[in-house]
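Colleague: Residue-level listing of the chains:
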Amino acid sequence: MTVPSVPPTLSGKRPSKLFKNWMAKMASLPMILTALVVFVGGTTWTVTYSFTGSRMLPRTNWVGLDQYERLWSSDRWMISITNLGLYGICSLILTLFIGFTLAACLDRKIRFEGVFRSIFLYPFALSFVVTGLAWQWILNPDFGMQSVVRDWGWTAFNFDPLNNPDIVMFGLLIAGIWQGSGLIMCIMLAGLRGIDEDIWKAAKVDGIGTVKTYIMVVIPMMRPVFVTALVLIAAGIIKLYDLVVAQTGGGPGLSSEVPAKYVIELMFRAQNLGQGFAASTMMLCSVVIILIPWAYLEFGGRKRG
Amino acid sequence: MSKILKSALLGTALTAATATAVMAEGVELEVTHWWTSGGEAAAVAKFADAWNATGNTWVDGAIAGSGGTARPIIISRIIGGDPMAATQLNHGRQAEELIEAGLLLDLTDVAEAGGWAEIVNPSSLLDACTLDGKIYCVPVNIHSAQWIWLSHAAYESAGLDVPTDWNEFTASAGALQEAGILPLAMGQQGWQQNIAFGAITLAVAGQEAWNGVNIDKNADVARGPEYTAAFEAVAAARDLAAESNVQDWNMATNLVITGQAGAQIMGDWAQGEFSVAEQVEGKDYSCLPGLGLNPVIDTGGDAFYFPVNDDPAITAAQKELAALLISPEVQVSFNLAKGSLPVRGDIDMSTANGCMQKGLEILANGGVLPSGDISFSQDTTLQIEDLQAQFWSSDMSAADAQAAYADIIANAD
Chain A
0 MTVPSVPPTL SGKRPSKLFK NWMAKMASLP MILTALVVFV GGTTWTVTYS FTGSRMLPRT
60 NWVGLDQYER LWSSDRWMIS ITNLGLYGIC SLILTLFIGF TLAACLDRKI RFEGVFRSIF
120 LYPFALSFVV TGLAWQWILN PDFGMQSVVR DWGWTAFNFD PLNNPDIVMF GLLIAGIWQG
180 SGLIMCIMLA GLRGIDEDIW KAAKVDGIGT VKTYIMVVIP MMRPVFVTAL VLIAAGIIKL
240 YDLVVAQTGG GPGLSSEVPA KYVIELMFRA QNLGQGFAAS TMMLCSVVII LIPWAYLEFG
300 GRKRG
Chain B
0 MSKILKSALL GTALTAATAT AVMAEGVELE VTHWWTSGGE AAAVAKFADA WNATGNTWVD
60 GAIAGSGGTA RPIIISRIIG GDPMAATQLN HGRQAEELIE AGLLLDLTDV AEAGGWAEIV
120 NPSSLLDACT LDGKIYCVPV NIHSAQWIWL SHAAYESAGL DVPTDWNEFT ASAGALQEAG
180 ILPLAMGQQG WQQNIAFGAI TLAVAGQEAW NGVNIDKNAD VARGPEYTAA FEAVAAARDL
240 AAESNVQDWN MATNLVITGQ AGAQIMGDWA QGEFSVAEQV EGKDYSCLPG LGLNPVIDTG
300 GDAFYFPVND DPAITAAQKE LAALLISPEV QVSFNLAKGS LPVRGDIDMS TANGCMQKGL
360 EILANGGVLP SGDISFSQDT TLQIEDLQAQ FWSSDMSAAD AQAAYADIIA NAD
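Protein sequence lines correspond, in order, to chains A and B. In terms of numbering that gives the first Met the number 0, the first sequence opens at residue 0 and continues consecutively. In terms of numbering that gives the first Met the number 0, the second sequence opens at residue 0 and continues consecutively.
Think of the hints as simulated: they come from the structure by calculation, not from any bench. Take these hints with a grain of salt, some might be off.
Simulated DEER-style distance windows between Cβ atoms [what the hints assert, rightly or not]:
1) B/ASN210 with A/GLY84: 40 to 48 Å
2) B/GLU95 with A/VAL36: 30 to 38 Å
3) B/THR227 with A/ILE92: 40 to 48 Å
Calculated lysine to aspartate or glutamate pairs in the DMTMM-like style (CA-CA distance at most 25 Å, straight line) [unchecked claim]:
4) B/LYS216 with B/GLU231
5) B/LYS45 with B/ASP59
6) A/LYS238 with A/GLU68
7) A/LYS238 with B/ASP378
8) A/LYS200 with A/GLU112
9) B/LYS318 with B/GLU117
10) B/LYS216 with A/ASP65
11) B/LYS216 with A/GLU68
12) A/LYS238 with A/ASP74
13) B/LYS357 with B/GLU328
14) B/LYS216 with A/ASP74
15) B/LYS282 with B/ASP160
Glycine is no exception: its CB is placed at the ideal position from the N, C-alpha and C atoms.
When you get a sec, could you build the whole thing from the sequences and use the hints?
Modeller: So this is what it looks like as structure tokens:
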């Protein structure tokens, strides 16, 4: 580069902006390179090859939008996104609700708070694979919940979600919420602890009930905490894969398939890279469509204001 | 201290000595495969023993999980420039692109020296290893999928005779249901449902229509009346299996073994489960190839491929191993342990059990079909499996399923 990056009038007066904090910039260089090469590079490569007819090996035989046409006419894909939508909405609402309720209960200065907190957070220490297997056993009609309740004498009790295509997603949902709500509870609890005691005193003076104070005053004040929780839950929903593989394997039939599983199956089992890339590109698009306007509102807006 | 040092030194010296000995005597070959269940591991040990007996070393690279798990690992190692010396794959089209990319060793000279063209029976197995007139793999066994396994205990408790073909089975199903027995055990997974579909189609639609769809990929045949009858038969079978709430195939086999279910349609590998449960063919269970109507079996199975290697010593050893895998003694010991049929017709398998004998007889009579792995690409196979998974787990009508199936066949490659 022969053209100096700093206007000549400024040079000499102040050190170049590029070298300000150069130690910090040097230190973050590996991460910047990783982000550029691995994330941006990898994404570009994937999107590019989704327009090819690549089968087992990547090839550059362009087929235009054929892969996308096949994707959107594929029943498996439609089932996958419907399932993800159902799981996503239910999981988002229920995890937030359960997480906040548990946190609010613990925040009422109850006894043995530490013990309860550990118990609720404990499932999060398990991987999705372990969670999936454990719940597969719990929901097994011959050994699990159903047989236990029947042994108690309620012999008509019928609860076999994992073998019923209509409700299998709820079997997954139970496991997902069990695993994830502890973490959300901890984040919420931290947020609640950040609320000034004086707010509570003021509410008491004004004669506002506890529940109403939570809903009308505390929750609006916890907006950043909710945003963090939302991002964590949403990321968990989009990448839902290992839980399904461990708990149902996508079955019975195709009834608990999810998009991430479609990508893996098409790329490696069907040996159809192009189709898998098209599906993963669509997953990226859905994330981008949701995240960009939201991030713009959330972060861009604040900077200007 | 000095004692430890001494023993450490001695150990190093010994290791060095063994290392040189191996270098001098033979070559270490890493062989990857996904044979990890009890019977399978015993079978692969026969290969390893035979190879070690030649003074070379078999480095076992078993990958746990099914072929679906192992295959991506194997393929990515070959593509990624870290090839193993030999690997199991199902012969057919799975390795086609690897061959086209020049990543697999050409075994034509070994095949010619061993006269494979004459000894491999059925010859379609060797065709599956052949691309542009060159041979790239060694078939080692034959597995077929067109079998129905019947539980004698279930039929005894319902007071019925054990059926001898599919029609008798469907006729007896109502009586079984009345006796509180599930007529047909079915694991709720696409590939199992596809096996049942294939077997029922072959029995009901007949071999000519089956060939038209599976070999000529003729979508008109798939829309034709033979396939309408087949899809209706599958829809009827779906009703018989409606109460079957198991997922894995061996769980479904277990229902048959314990007499909770009357029958299961599954490949010949199900026999391993009956053997482990110490059941006797003809007394505790029956097997009917081709569902008893059309005694033909397909000839899928396993084959070994040898990725290209720079080291001439390894290349020579790979060719030696290829010749060994198909040699008569190894074929007998391996296939008896695995419960599969041998790829050559000129060896003595008289110690095999009744079901294997039935299979051998069909092979000798030439009642063989190419397997799905050979005629369809993995992509098409997965689409058909998806359709079957949907069909079996919903109330989709036979006509809708047939139309969707014909579309897949029309676009098949």
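Colleague: What hints, given by number in increasing order, does this structure fail?
Modeller: none
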